[in-house]
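Just so we're aligned, residue 170 is where the sequence shown starts under my numbering, counting upward by one.
Simulated from the structure, these hints should not be mistaken for lab results.
Cβ pair distances, simulated, as ranges:
# : residue 1 : residue 2 : range
1 : A289      : V205      : 14 to 24 angstroms
2 : L348      : L242      : 17 to 27 angstroms
3 : T344      : L242      : 19 to 29 angstroms
4 : V315      : Y207      : 16 to 26 angstroms
5 : R180      : E227      : 44 to 54 angstroms
The beta-carbon is built from N, C-alpha and C at its ideal position, and this holds for glycine as well.
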Amino acid sequence: MSSLLDHLDIRRAGGSVLDGLKDPLLWLSIPVLALVTYFLAETGLDAAVNDLARHQNEAFSLSWSAFPMLAGLIAPMLIPIAFALKGNRNLASATLGAFVLSLLVVSLLKGFSSRIHPEAIEPVTSLARSRVFRFGVLEAGFLSIVEGWPSGHTATNGAVCIVIARLCPGTILSTAALLWFVWVALATVFGINGDVHWLSDTVAGTVLALIIGRRIASALDVKTP
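All chains should be modelled from the sequences, with the hints used to inform the complete structure.
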């Protein structure tokens, strides 16, 4: 256990999280993403994409999207541990930092915006549902953190994958990480027959992942062969 904690290098990961919180690009991106979300909701693009996702055959939708949705819940937590068990301290601490920072930022935004999920029963139409936010502090209780804007699956998996891609450029691991990022992002929009997220949730999660992954990788920029 002590060896695992040593290789995770929690102090170093924590330092990268604090460094990431100081990134002005991260905080400047949030109001921009809010405007993009408003545009996609008000123009009906969120609802249109969700309606398209709901036209899939249910069995087909589950066949390609269930795995990334389920595995995506734990992959960002297990990847740092896997690197630590392999003795790769740099990737362990970097991916841990990316996961923690992305989870923190997303949780704060979800807790404040409490956006209604596509699978909600009311309002009746997808267009009306896509426009409902309940601003405040945990207005939907615990569901505010679980659901809503931005996509936590996309942000956490994406941030970890971007760190891997930047610290292991040109490797099979880098390619696999980016493919996983894309698969998870697609699943959040089109998977489970459109019950997971609105398009703008995933757009916001993707941008946050890119910003956070870049910042963490730059803070821990020792390339890993």
